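2 protein chains.
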Amino acid sequence: MKDVHVGVIGLGNVGSGALSILAANADQIAVKLGFRLRVAAVCSRSLSGSTKLPDGLGDAVRTSDWREIVTNPRVDIVAELVGGTTVAREIIDGATANGKSIVTANKELMALSGAEIWDRAIKANINLAMEASVAGGIPIHAVLREGISGDRIVAIAGILNGTSNYILTEMERRGESFDSILGEAQALGYAEADPSADVDGYDARSKLAILAALAFGERITPSDIFVEGIRRITAQDFDYAHQLGHTIRLICGARQTERGLILSVRPALIRQSTILANVRGAYNAVWVKGQFGGDTFYYGRGAGASPTGVAVVSDLMRVAREIRNGSPERVSPFAHERLGEYAPVSIKLQHRAYYLRFRVNDRPGIIAELAGILASKQIGLEAVLQLPSNTKDHLPFVITVEPSSEQAVQDAVEQMRPLSFLREAPLALPMEPPL
Amino acid sequence: MKDVHVGVIGLGNVGSGALSILAANADQIAVKLGFRLRVAAVCSRSLSGSTKLPDGLGDAVRTSDWREIVTNPRVDIVAELVGGTTVAREIIDGATANGKSIVTANKELMALSGAEIWDRAIKANINLAMEASVAGGIPIHAVLREGISGDRIVAIAGILNGTSNYILTEMERRGESFDSILGEAQALGYAEADPSADVDGYDARSKLAILAALAFGERITPSDIFVEGIRRITAQDFDYAHQLGHTIRLICGARQTERGLILSVRPALIRQSTILANVRGAYNAVWVKGQFGGDTFYYGRGAGASPTGVAVVSDLMRVAREIRNGSPERVSPFAHERLGEYAPVSIKLQHRAYYLRFRVNDRPGIIAELAGILASKQIGLEAVLQLPSNTKDHLPFVITVEPSSEQAVQDAVEQMRPLSFLREAPLALPMEPPL
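Taken in order, these protein sequences are the chains called A and D.
If you read the first sequence in numbering that gives the first Met the number 0, its first letter stands for residue 0, the second for the next number, and so on.
If you read the second sequence in numbering that gives the first Met the number 0, its first letter stands for residue 0, the second for the next number, and so on.
Pulled out of the complex, with its shape left as it was, chain A reads as follows (with noise of 0.2 Å):
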């Protein structure tokens, strides 16, 4: 039987990360799939032909030119693990353009041009396969495309971004700041110098751009999803939401509603007895909620050079036995037209229950005033909550609101801003119903 030849672009975690799999596991591949999956070529900046490769691999070709991978007649799938929307785009189009079928894990590029990228696969005739763009680990792609096909996707919340997710459970566990685990996490090389794309959401919003998109059939963009990161949350906070049965974490959430598809990247109170709730530390988790098949969840790392490598091997694995088969896959799991059903909308028509937190320079008649903007938004008062804190001058205090428009809290929000008496502006979290 012919074998099915890989060229690999990129050679950094993820990267390593596969070679040593397809190394490793190279019999059980073969038995799993009837032939061999070959490492053709290896390609990295730095690069040179005697660079060592895991054993097995030794008689792959080395270059530093990317053209050479996607030029080379033997190679038949290119596997794009060099991230960025720059040179990972060139090599995508080089591949396509050079009839290889591609394997990527660039969840920058696909959430952004992800739908274009498609259809010029389908149009070249070849696969393209991206179970490593989002949620490493977690093989969800293979969820919503095969698993759950024949399903109608209600609802998705996921936990998407490790780092935040270390960075908030640890507040939880210690009582300590948001300033001092990101710097410890960054001490650790668990976060990056800078902490932007993971701390304010983008990453998780790019992720979530891809889920939604695969979930719903429905033309998602980044920009379509509102974002907002978690550098204001404290530990306070985490007491506050305790307190309420709830806990913090940054919640990628895409909901289908009558006006259409509510998509949001923010810190938000959910309650701690549910699954999602337990998920700590750098793993990662998708809720899904189908018409039909009712909740599932889905729970794993999210980054790392093996578990993301896993991803990058089985897609390399899938997309080899389509070659083999003849049969790349014609549909775009992107949709070609906005289908209405799901068009995104602003995430002001959201109703939510938020919890409000202020801090204050305490005086007299503070509940009233706040109370008193609230009542003219149409937002009716839960509870008002005040912790014993040891910090009089300023004391942090919560009130919750019923369940009103993210139209109205916003409002009342920018009227609170200016208020003499509040050390800082408000902060409002949405409290997420259970899926």
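It should be emphasised that the hints constitute simulated quantities derived from the structure, not laboratory data.
Keep in mind that a hint or two might mislead.
[To be verified] Some, not all, of what chain A presents toward chain D, calculated at C-beta under 10 Å:
| no. | residue |
| --- | --- |
| 1 | A23 |
| 2 | I28 |
| 3 | A141 |
| 4 | E145 |
| 5 | N277 |
| 6 | W286 |
| 7 | F291 |
| 8 | T295 |
| 9 | S305 |
[What the hints assert, rightly or not] Covered by chain D, per the in silico footprint, the following chain A stretches (three or more residues, Cβ under 8 Å):
| no. | region |
| --- | --- |
| 10 | 125–137 |
| 11 | 307–313 |
Remember, it's a predicted structure, so these values are computed and weren't measured experimentally.
Built from N, CA and C at the ideal position, the CB exists for glycine as well.
Since the structure of chain A is provided, determine the placement of chain D on it from the hints.
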């Protein structure tokens, strides 16, 4: 584009669920596939030409003779949804002989004869799909077959029988007896009049046989799997388990060891802090440990018309896509021969800490006698626990022992059994380490 036509045999719970979804989701399915999936014919024993089908399926031929489906030239895929191992086998063999691809929800048949049925299917160049045979709402086949196929599975642990999980979690929640909750479940229709398949572990054993075959690529049959049901668990066992920071669940376990694969379905103590311990009611869950990808977890409804229907419809979509592309899979997920590395071995080789519960007529010297027997088997005693009880004369107590071989513990239990102060044989439950 040419449509693909389905013949559905069996209109019970699962068949009706699948038909409803095929009708309700027809347009979305066509968008995802790029062609239509049509129901050409349906069959059930009581069906007549005038039986009402869901809207949109009115054109389907109705018959009470399954032979008319498997020989119908318009039918491309036969959905075998009758269950059991007799007629179902004839249907599958008939479909195979007529070159129809097959989707089945039949755990019993696939656990017993899956390898042989797959071999025939491959020879006949048809495809076979069986997502619905295990944990209906959880797409665990897609996960193992596609999503994490590049990994090497080390262990799986599942809760695969919803009825027994419902009984255990209700006993735990309400402190009531097995008999009382079972009776209630039977009255509510959650449990069968003859509950043996569920509460004695046989249903879960069939499911584990299929999952383990997929996960390890090994030929596994139900007789390779140690099985013990939940009839002996009492509300007091939950009290003791909680005291130890654990709960009790019917765990389907498969674990690769240096000596081979150890397979069991049995009640076990698992830590309350694990996600698996928080699977309640009729839900199912599967924990998978991969050598490279680490821990992943999958959760959803275990049964029911709609969740299992989604599995059937998703399988139909995948098989239809492959029929259209002319590429049935050619590698059986069941091994042709034992691979050695994963050959099942006796559970007696397993090392675990154990929970031993005794119900006795109190008299001096009981602990000394039991401890003496344990010592003679080289089993180290960990703790002796006795909760306050108002049934003084046959109060239960618990001994936990250090990790020991199942062989030694079973030997000790055998030696204890005739002791005159025991009111019943000791109950021995393994304490599962976290995966």
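Structure-based check of all given hints:
With 10 Å as the threshold, the beta carbon of A23 (chain A) comes within range of chain D, its nearest partner Cβ sitting at about 8 Å, so the hint holds. At about 7 Å, the closest approach between the beta carbon of I28 (chain A) and any beta carbon in chain D falls short of 10 Å, and the interface hint on this residue holds. Taking 10 Å as the C-beta contact cut-off toward chain D, the hint placing A141 (chain A) at the interface holds, the least distance being around 3 Å. Here the hint on E145 (chain A) is kept, as its CB sits about 4 Å from the closest CB of chain D, short of 10 Å.
Given hint, N277 (chain A) at the interface with chain D, holds; its Cβ is 6 Å from that chain's nearest Cβ, closer than 10 Å. For W286 (chain A), the suggested interface contact is upheld, since its CB lies about 9 Å from the closest CB of chain D, less than 10 Å. A least Cβ separation of about 4 Å between F291 (chain A) and chain D falls short of the 10 Å threshold, and the interface hint therefore holds. With a cut of 10 Å, the hint placing T295 (chain A) at the interface with chain D holds, because the nearest CB-to-CB distance is about 4 Å.
Below 10 Å, beta-carbon pairs count as interface contacts, and S305 (chain A) has one with chain D at about 4 Å; its hint therefore holds. Counting residues of the region 125–137 of chain A whose CB lies closer than 8 Å to any CB of chain D gives 3, so the stated coverage by that chain holds, three being the minimum. For the region 307–313 of chain A, the proposed coverage by chain D is satisfied: 6 residues have a C-beta within less than 8 Å of a C-beta in that chain, meeting the threshold of three.
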